[in-house]
Each structure stands twice: as structure tokens, then as C-alpha cells.
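Student: Sequence:
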Amino acid sequence: MTDAASESPDFSNQALFTPAMRQFIEVKNRYPNTLVLFRMGDFYETFFKDAVIANRLIGITLTKRGKLTDGTPIPMAGIPAVSLDTYIARLVRQGESVVIVEQKGNTPGAKGMIEREVSRIVTPGTLTDTSLLPEKSDSILLAASFPKKKTAPIGLVWLTLSNGDFRAEEVTPDSFEAALARIRPSELLVDEDMKREMRTAHPEIAVSTLPDWHFDAKRGASNLCATFGMTALDAWDVTNRTTVLAAANALLDYIRETQVDLVPFIEPLKLVEESQFIVLDPSTRRNLEVDESLSANGEGPTLFSVMDHCATAMGSREMRRWLREPLRSMEDTSDRHDAVEAIMGDEPSREHFFAVLDALPDVERIASRVSLGTVRPRELASLRDTLPTLSALGASLADSPLDLIAGIGRSMTLNSEIWERLEQSLVAEPPGMLRDGDTIASSCSPELAELRHFRDDTSRILLEMEERERAATGINTLRVQYNKVSGFYIEVTKGAADQVPMHYQRRQTLKNCERFITPELKSIEDRALSSKERSAALEKELYDKLVAETAKHTPELLAAAKAAAQLDVLCAFARHAAENRWHRPKLSSRPGLDIRKGRHPVVETAIENYVPNDCRLEDGRRMLIVTGPNMGGKSTYMRSVALIVLLTWAGSFVPAAAAEIGPIDRMHTRIGASDDLAHGRSTFMVEMTEAAFILSHATDRSLVLMDEIGRGTSTFDGLSLAAAIAQELVQKTRSFTLFATHYFELTRLAQELREVANVHVAAAQGSAGIVFKHEIKEGPASKSYGIAVAQLAGVPAPVVRRARGFLAKLEAQANAQTSSLPDLFAEPMLPAENDAWEPDPLDAPLQSEPSPADLARKSLTHDLLQADVDNMTPKAAMELLYAFRERAASIESLEKTE
Numbered sequence: 001m002t003d004a005a006s007e008s009p010d011f012s013n014q015a016l017f018t019p020a021m022r023q024f025i026e027v028k029n030r031y032p033n034t035l036v037l038f039r040m041g042d043f044y045e046t047f048f049k050d051a052v053i054a055n056r057l058i059g060i061t062l063t064k065r066g067k068l069t070d071g072t073p074i075p076m077a078g079i080p081a082v083s084l085d086t087y088i089a090r091l092v093r094q095g096e097s098v099v100i101v102e103q104k105g106n107t108p109g110a111k112g113m114i115e116r117e118v119s120r121i122v123t124p125g126t127l128t129d130t131s132l133l134p135e136k137s138d139s140i141l142l143a144a145s146f147p148k149k150k151t152a153p154i155g156l157v158w159l160t161l162s163n164g165d166f167r168a169e170e171v172t173p174d175s176f177e178a179a180l181a182r183i184r185p186s187e188l189l190v191d192e193d194m195k196r197e198m199r200t201a202h203p204e205i206a207v208s209t210l211p212d213w214h215f216d217a218k219r220g221a222s223n224l225c226a227t228f229g230m231t232a233l234d235a236w237d238v239t240n241r242t243t244v245l246a247a248a249n250a251l252l253d254y255i256r257e258t259q260v261d262l263v264p265f266i267e268p269l270k271l272v273e274e275s276q277f278i279v280l281d282p283s284t285r286r287n288l289e290v291d292e293s294l295s296a297n298g299e300g301p302t303l304f305s306v307m308d309h310c311a312t313a314m315g316s317r318e319m320r321r322w323l324r325e326p327l328r329s330m331e332d333t334s335d336r337h338d339a340v341e342a343i344m345g346d347e348p349s350r351e352h353f354f355a356v357l358d359a360l361p362d363v364e365r366i367a368s369r370v371s372l373g374t375v376r377p378r379e380l381a382s383l384r385d386t387l388p389t390l391s392a393l394g395a396s397l398a399d400s401p402l403d404l405i406a407g408i409g410r411s412m413t414l415n416s417e418i419w420e421r422l423e424q425s426l427v428a429e430p431p432g433m434l435r436d437g438d439t440i441a442s443s444c445s446p447e448l449a450e451l452r453h454f455r456d457d458t459s460r461i462l463l464e465m466e467e468r469e470r471a472a473t474g475i476n477t478l479r480v481q482y483n484k485v486s487g488f489y490i491e492v493t494k495g496a497a498d499q500v501p502m503h504y505q506r507r508q509t510l511k512n513c514e515r516f517i518t519p520e521l522k523s524i525e526d527r528a529l530s531s532k533e534r535s536a537a538l539e540k541e542l543y544d545k546l547v548a549e550t551a552k553h554t555p556e557l558l559a560a561a562k563a564a565a566q567l568d569v570l571c572a573f574a575r576h577a578a579e580n581r582w583h584r585p586k587l588s589s590r591p592g593l594d595i596r597k598g599r600h601p602v603v604e605t606a607i608e609n610y611v612p613n614d615c616r617l618e619d620g621r622r623m624l625i626v627t628g629p630n631m632g633g634k635s636t637y638m639r640s641v642a643l644i645v646l647l648t649w650a651g652s653f654v655p656a657a658a659a660e661i662g663p664i665d666r667m668h669t670r671i672g673a674s675d676d677l678a679h680g681r682s683t684f685m686v687e688m689t690e691a692a693f694i695l696s697h698a699t700d701r702s703l704v705l706m707d708e709i710g711r712g713t714s715t716f717d718g719l720s721l722a723a724a725i726a727q728e729l730v731q732k733t734r735s736f737t738l739f740a741t742h743y744f745e746l747t748r749l750a751q752e753l754r755e756v757a758n759v760h761v762a763a764a765q766g767s768a769g770i771v772f773k774h775e776i777k778e779g780p781a782s783k784s785y786g787i788a789v790a791q792l793a794g795v796p797a798p799v800v801r802r803a804r805g806f807l808a809k810l811e812a813q814a815n816a817q818t819s820s821l822p823d824l825f826a827e828p829m830l831p832a833e834n835d836a837w838e839p840d841p842l843d844a845p846l847q848s849e850p851s852p853a854d855l856a857r858k859s860l861t862h863d864l865l866q867a868d869v870d871n872m873t874p875k876a877a878m879e880l881l882y883a884f885r886e887r888a889a890s891i892e893s894l895e896k897t898e
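FYI, in full-length UniProt numbering the residues of the sequence shown are 1 to 898.
Hints were generated in silico from the structure; no laboratory data involved.
Even for Gly, the Cβ is constructed at its ideal location relative to N, Cα and C.
Any given hint could turn out to be false.
Said to hold, decoys possible - Taking CB as the label site, the calculated pair distances span: (1) R460 / G432: 21 to 31 Å; (2) S696 / G620: 24 to 34 Å; (3) E292 / L860: 50 to 60 Å; (4) K732 / A606: 35 to 45 Å; (5) E292 / H352: 29 to 39 Å; (6) R90 / S714: 42 to 52 Å; (7) I607 / A232: 56 to 66 Å; (8) G59 / E556: 22 to 32 Å.
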């Protein structure tokens, strides 16, 4: 296909196109930025530029459909109708939106142009079909309204169509990214002015736009009132939140446009406050690997994947939400802990709960499809079969002494008329699709039963009539038959033709027989030939009525689904805690944390012998300076502390022998770094940007993890920045901080700042190399072991020896203090609080001249390092060793005389 052919022609020139193409162009003009799938018989076709895009994205064959009147070929690519959902899923995963155009009244052999209309628009944020949705995560549509004043609050409104969850939040510009990372929308809806900025900043999110006039607060208030049948919005506390109302209007307009004639169920709007959850900024979520792995392919273990023992997809989605949104409320968190403890201590009940939950379908998504009228017969049948058991389980839990469990039980206890109506109406095993027929039980409708009788029992009906007519006429050779050409008829031989009754009407004369029709047979023929179409139409009517009646119970079904999901999460928490020796944390109203024998919840599942460690940040300790070798486990230790805090406030038990956790409002991490080339930022710039964000947002109730700050610049610059940042975190921000560093000079902060303490990762170096103990001990590390780690990494032996030589030189120079540069850290690390950070070289102590013994020792060290021992013969090496021993003895004599 040529490049010219792939470009769309002038759609305004109607003379170029056939009538069918004009229909396509009419839809395309309405949705210019959306792929149009145009139903033509057994295929959904794409044309012009859409065909080229579809070919590139999902690999369907690119061909052509004739030519325009000017001779230009029309690019075309088609999708089989039976495989539509599969291809839509692939397109949506790549961020595309799709318009589905269906045929109306497509009767075989019909003449004239087939009428078509848009049936639905599928976008990444408006998915409801189970086959298109990810099983263990939600598809969320988020509308964001940005005010003209840059410092004013941003309005966020989001909807999960698959469960009707409808929420709103007002955030400051500084909190927008953190809110976006928490909500994690599949599609972001903004006005046209913000399109480029959002697509550049968030390439992982499908960004859609609406004209500015959709983001109107006044229309938003009216739209919400009309949607929910209200006269005022005071109860939702959004009346004066203009950006929230503007975003709500845009979202509701977009839903109406994409869902066309479908009316989704939407729960009343819930206003979310930032104070409800512990705030995790985007980099913290990434670094802690809550539910996304940092591995190159993104398939590594995460906190969520390790803990997801849920029996249902609903439970997995709920667990993901709990882990992404740790609570601040001590009461709600304690209720979760109480429930986990009760379930953990009753293994038979826990396994019974799992057995019931395991048999459940995805009630949440089925209920959503019921409200849209798109639910399939087998999905309804799954509700019919499992709701009684779910309701019985709920009834057994409703009297629990624990408020959370009792509330779950009450929500799961459903009105029996929901499944009784389904039991009466559906056949035992309905087909996957309504069009396959035989979904509604014949007992529901005498008319349907009669139509199916004529559809399925025609042969028996004809045999019965044949017996009656033979008895009435006395013609034993009479036969009642059917064929596609003649239809229904009574056949008698030529010799018996004069015996037929007067009411027989001749239909056809053949060589050896005559064929007749009677009024009764004509009636049977009419009913039999139309019974298939009429029974299908009646069945659809009855099915739609059943779905509409079930849809009245959508709120109850969704409440039961959410309750079942919560029970599933609590059971999964309990099972994981029981199997992995996790314990209940103690919640404290006093800020701080005290963890005894804590472990990393993900790492401990991957190694056989995990070394647990303590962490105490309370009673005058707000910062721990963590030193020790690379690969020793500093980062793992810090992440384990953060994850234990997160798990605590998510409602789970924790991987520790004991833990007392105080209130936490935010968690920030500065771990690892990489270039952000898209925004023109170096590794060091990224590092400093993240550090600046932490210093601006952390509070005295925040947990901060800082790993190797100041690495991307010179030693003095990096050390100075690290010291200044540490001082700011301790003295002004006063956050609870784990500060990992290789700048050993920073360990002096513990002597100068009352709330700083040193801890280190224990390691030992022997003849066989370095041994990492992965144990956190009090006090600073004695050395860094960097060269030993390099040797473990496979750095060639000559390079390692050369590095040791350089290190010995540097240490000798430092010890001898022969440099003309002053010792920046001979004085206290920190300047006075109001002093500038500018050490004065004149304040450096005077350096004494080196002694003869020092000079001799330096000479010996130099010659020893320069010796080419790799290329020496054994004899030459022995001679050199004796010579060095003699020089060492002379140095010892010089020291005694001095």
C-alpha cells in the first residue's frame, strides 16, 4: 500500500464516495481521533488511515476495497465479528479508543442501503466487558479540571464503570502527581489546553480531551443533580468546589457520549480527603514496589503479588486498593487487625470462607453489566447458582462481635427474590450468548413453549396429523410431509385422489400423486416456519425484562460484592500471616516506630535464611545514619521498615516479632537514580529534585528514606549537600528518617545532633573475601569494603590490586596530613544554625614536617606497591621479600630513636 493511499482523502467531497463509504465518513467526522470499526456482514472493517493504523498496531491484513471515483484505492483492514473482543482488547491496551458501528435490520436478501448506527465507544477508561478488563485491577476514568490560577486547587473526579465507584477530590498542584499515582487511572480526561502537557508528563496513561466548555462548574452542578435526582449538592460538600464540579460535568458528558444508549449504574459521589490516606508520592510507590516491579520487564515480585492469596478477582482488586491506600484512621485500621486476628485463629472457618469465595463469579463486574443491560446468560446463571451460598455465609457472619465482620455479613445477606427470579426464568445450563437461543425456560411463557414446540417438534406434529387424516379419510397411503420447495402438504396417490374430502385444496400435481393443503395444515406451516424467529424475538424480550428486573438490585449486588471482596482480603491477610509467622502490630498514638526482628515481606520469600533486624525511631531518635558496605543490605533494611509501616496501616499483620507503629501522614523515598532524558535532567538533577520535594513536603509525622544522597557530584559538594539535607530533616522537618550513606564523615552528626543515631550493616573480611552478615548493629561502620565488593563482582584481579594500591596511598596521605588542603572535618560537621556553610582555610591547624621514619615508611610503601609481583620468578620474589624485611627493621629502629 502506497503512502498516498494511506492518507485520508477529502471527506467533504461526497462525490468521491459510494453510499456505504459516506456512512463511514459521517461517523469518522464525528469521531476524528478514534478508530472506527464498521460492521459489514461478518466483519468489522476499517478504512483509509484507520486501516493503516490497525494494521500497524494489531497486525490485521491490509488490503483494499475498490477505488474512489477518482481512481484512488481505498485501504481496508477487517476484523472477524466473532473475534471482535479479542482485537478491541489489544487496541485498548495500546491506548486506542474504538467506535463500534453496527448494522440495523440486516435481513438476508434485503434491498437498498443497510442502516447503521454507533452502538458503543470503547476507551481505556470506560471498559465494562470482562473479556476486555484486566482481572486483578480496575479500569478507571479520571477527569481533571485545572484552574486558571496556577496555585488554586485542581479538581479530580473519577469513575470505575465496572463497579460504579464515583469519587472526587480537590488537590493542590504539588499533590497532583501523588494523587494520580494513587488513583492510577487508565484514561485521563482533560481540556484541550492541557493535552500536550499531560501526554508528555504521563505517556503511560491514555489522555483524552473534550472542548473547554465541557469543564463548566455550573453545568456540572445541574448535571449531578439531574443524574442522581437531587435538588442540591450540600450533602456531598461539593457546592463551592468549582473545579470538582467542572471535572464532574466533563466526566458525565463523556460517559453519555461513549456509552450511547447504555445507562451505567453510578454510586453517589464520595468526596475524598487527602487526610484519609498515608500519602505515597510516585517515586515512593516505585521504590517500594507496592504493586509494580522495578525489574526491566516489570514481571518481578511485588508486595501485592506476594500477598495475593485471594480466592476471587474482586478480592485481589480490593487488596490492591488497600495496599495502595494505607489508612490514617487508627480506629478503621484496628478493626481490620481485629478481623485478621479472629480469622487467623480459626483455621476451619477460614478455609470454609475460602471455599465459598472460590466458587463465586466476579459478582462486581456482572452486576455492572446487568445495569448496562449487556450481561450474558451464563453470567446471570452464575449469580443464580452462587448467590444463595453467599447470602447464607453473610447471615452466619452478621452476628459477629466484630463490627467489621458483622457489617460484611449484613451486606452479603441478600433478598432471596434476586436469585429466585433467575431460577424461575433461566434454563439449567444457558448458552454463552443470547443469540444461541434456549436461554429462557419454556415454563416462563406458554407462548414461548408453543413456539418452541412448533420449532422443535415439527416432525411429530406432522405424524400426528397424518394419523388423524388417514383415520378420517380412510386413505391408508396418505402422507403429511414437508420440503423446502413445496412447504407443508398432504400427499395421496393418483388412484386415491377422488377420495379426498372437499376441504382439501390441491397444491401440486405430480406424475404419480397429488399434493393438497388444508386450512389446519396451512396454520401449522405458518407457525412452524416463523417459530424460530418469533421464539428468538420473544426470548430476547423476556430476557431483557429479566435483566431489567435484576438491575433494580444492582446496589445490593455491588454492596455484596464489595463485602465479599473485603472478606477475601482479610482471609488472605490471615493466611499469609499464619504461613509466614507474621504478627499483629500495635498501633500507637505517639509518633515514632519500634520494630523488633523486622523482615522484608518480599525478600524473605526468595531466600532461605533471612536475617531479621530491629529499627527504633522514638524516644529522641528521629534519624538513623545507616553505613556499611554495598550489597550488605542497607536498602533492603530501609525498604523493610517502610513496608512494615505500610502493611500496618493497610490493616495487615507484619513480618516482625513485634512492632509498635505511631501515626504516619506521608512516606517519601530517595532511592536509586537514573537520567530523565525526556525532560533534560541528569541523574544528579533527578536526585536533587526528589530531595527538594521531600524537604518541601515531609512533616514531623512522615517517614523518609534517603539512600546515598549527594553521589552525583564531587566529594566535597556531595558531602556538604548530604550534611545540610540531614540537618534540615532532623532540626526543621523533624521527620523519622533512615539516611543511608558512604560518607563516613556524616556519622559525626550523632555527636552533634541529639536526635541522630548511627547504625551499620555488619560485615567481615577474611582471607576468603568479604562476608555480608546482613545484620544491623548500633554504631557507625568501620570501613566501606567497596574494593572487596568490586572483587566479588568480577573486576579483574590486577585492577583490584591497583585499586588497593591507590587506597593505601590515599590513606597514607590522609594519615600523614602532607596535603596543603585543610581538613574540612577536623572541626564539628555542622556550622552554627545561622552561619553560612563556608569553612575558612585560615582556621585549619598547622601541619608539622614529616619525621625520617614517616618518610622511610612512605618510601617502603611506594616501592612495595610498584613491585611487579605478577611477572617475578619465585627466586626474585623471595629476594625482594628479604629486602623489604630489612627496610622495615630499619624503620622500626628509626622510630625508637625518635
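Student: Work down the list of hints and note, for each, if the structure agrees.
Tutor: Evaluation of the provided hints:
Between R460 and G432 the beta carbons are some 29 Å apart, a value that agrees with the proposed interval 21 to 31 Å. At roughly 26 Å, the beta carbons of S696 and G620 sit within the given window of 24 to 34 Å. Checked against the hint of 50 to 60 Å, the pair E292 and L860 passes, with Cβ atoms roughly 56 Å apart. At about 39 Å, the CB distance of K732 to A606 agrees with the hint of 35 to 45 Å.
Checked against the given bound of 29 to 39 Å, the beta carbons of E292 and H352, roughly 34 Å apart, stay inside it. Distance hint check: the CB atoms of R90 and S714 are about 50 Å apart, consistent with the given range 42 to 52 Å. Separation of I607 from A232 is about 59 Å and conforms to the stated range, judged on CB atoms against 56 to 66 Å. Separated by about 44 Å at the C-beta atoms, G59 and E556 break the suggested range of 22 to 32 Å.
Violated hint: 8 only; the structure is consistent with all others.
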